[in-house]
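**Q** The hints should help you fit chain B onto chain A, whose structure is shown.
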Amino acid sequence: MDASDPLPALVSGAREGDQDAWNAIVERYLPLVCGVVRRHRLSEADGDDVCQTLWLRLVEHLATLREPAALPGWIATTTRNECLRLIAARKRMTPVDPVESAALAGIADDLAGADLLAAEARQALREGLAELPAARRELLLILLADPPVSYADISERLDIPVGSIGPTRARALEQLRNTRALLALAERPRLETGGERA
Amino acid sequence: MNDWTDDDELMASLAEAVEETDTVTERRRVAAQAAFTWRDVDAELMELLHDSAVEAGSAIRSTGQMSRVLSFGRGAFTLELEVGGNLVLGQLIPGTPGTVVVQQVDAESTTVDTDSSGFFRIEGVEPGLVRFVVTTGGQTLTTAWVHV
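Which chain is which? The protein sequence lines are A and B, in order. In short: position in the first sequence from 1, add 39, done, that's this note's numbering. In short: position in the second sequence from 1, add 2, done, that's this note's numbering.
The shape of chain A in the complex, shown without the other chains (with noise of 0.2 Å):
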């Protein structure tokens, strides 16, 4: 099993106990989990701290998830629930400084439900790039460069020519709206809320 095997097989290789499983989970959403945890400024340390016990709780809840598609949300959610909690508890053993505490308490704000979606949002984009063709993916890759690839460059490395490289990309972005990732994201159920769907 790999990060690419549709998340159902996933979830339920990793409930019968099956590390490959698990590990295919973790690498699909690791990216999410860290990204959310980078948008709260937590040292590295509460970093690694807040990611384990994300893992670790995903273990547990693996038993109860009844919408293998809620389980973006559940991370993102609980992601952010823990940087929270770390947030909160940090606060409360260190000398109130007051200076210090409007900070944190703009960093506990500073993930509304809003920046939740696009981190989902982006969780879909590379689910979505996952699924394009090798070459297509490619070709998006190293227009993402940094720094940017010439044209030149491109059309030697993939071996097409330069004047294709601009409509191959449009092909590729329409290719990538249209994948089951980004299809599924405006229909994906929040929590375990919509768990009659799909």
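Worth flagging that the hints you see were computed from the coordinates, not collected in a lab. We put the CB at the ideal spot given by N, CA and C, even for glycine. Errors might be hidden in some of the hints.
[To be verified] Quick list of the computed label-pair ranges, beta carbon to beta carbon:
(1) B:N4 with A:S189: 21 to 29 Å
(2) B:V103 with A:S82: 56 to 64 Å
(3) B:E21 with A:R210: 42 to 50 Å
(4) B:T80 with A:M40: 51 to 59 Å
(5) A:R129 with B:V103: 22 to 30 Å
[Unchecked claim] Reference listing, derived: stretches of chain B covered by chain A, where coverage requires no fewer than 3 residues with Cβ under 8 Å from a Cβ of chain A:
(6) 8 to 16
(7) 29 to 39
(8) 78 to 85
(9) 90 to 99
(10) 122 to 128
[Claimed, not checked] Below, simulated SDA-like cross-link-like pairs (lysine to any residue); rule was C-alpha separation at most 25 Å, straight line:
(11) A:K130 with B:M13
(12) A:K130 with B:T137
(13) A:K130 with B:E57
(14) A:K130 with A:L155
(15) A:K130 with A:T116
**A** Same frame as chain A, but now just chain B:
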């Protein structure tokens, strides 16, 4: 959110999505994979009911330093804990004798017996993620993971 019907905006969102994979470290990957070894399909979970570290007005001082008070529960059963440094004092409620195992992600597990009223004391609990597995009156209950 960007308007993904526009090619350039979709590319911009895609750039952010791809860039986010750079936040993944090997250390976090290894820890996430290892979390699966703690899978226990038979575990009956106790939820965290209270944590003085995140709730106001409940830090106490009975061990000579500021302690953290935690409680976990399932049904009518409650586990009360007081954590100060590496020392954990606890009580099972209702107060019946039993055994308590501290499972630590980054250290060895420790098992202790409670006294006849359900009180127990555990030394040498390392900072990190821990959970408590309580066996009393013929049932075994496991707490959610908590960072101490």
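**Q** Next, verify each hint and record whether it holds.
**A** Here is how each hint holds up against the structure:
{"no.": "1", "hint": "B:N4 with A:S189: 21 to 29 Å", "verdict": "holds, 26 Å"}
{"no.": "2", "hint": "B:V103 with A:S82: 56 to 64 Å", "verdict": "violated, 30 Å"}
{"no.": "3", "hint": "B:E21 with A:R210: 42 to 50 Å", "verdict": "violated, 24 Å"}
{"no.": "4", "hint": "B:T80 with A:M40: 51 to 59 Å", "verdict": "violated, 40 Å"}
{"no.": "5", "hint": "A:R129 with B:V103: 22 to 30 Å", "verdict": "holds, 28 Å"}
{"no.": "6", "hint": "8 to 16", "verdict": "holds (count 5)"}
{"no.": "7", "hint": "29 to 39", "verdict": "holds (count 8)"}
{"no.": "8", "hint": "78 to 85", "verdict": "violated (count 0)"}
{"no.": "9", "hint": "90 to 99", "verdict": "violated (count 0)"}
{"no.": "10", "hint": "122 to 128", "verdict": "violated (count 0)"}
{"no.": "11", "hint": "A:K130 with B:M13", "verdict": "violated, 39 Å"}
{"no.": "12", "hint": "A:K130 with B:T137", "verdict": "violated, 34 Å"}
{"no.": "13", "hint": "A:K130 with B:E57", "verdict": "holds, 11 Å"}
{"no.": "14", "hint": "A:K130 with A:L155", "verdict": "holds, 23 Å"}
{"no.": "15", "hint": "A:K130 with A:T116", "verdict": "holds, 21 Å"}
Hint violations for this structure: numbers 2, 3, 4, 8, 9, 10, 11 and 12, all remaining hints satisfied.
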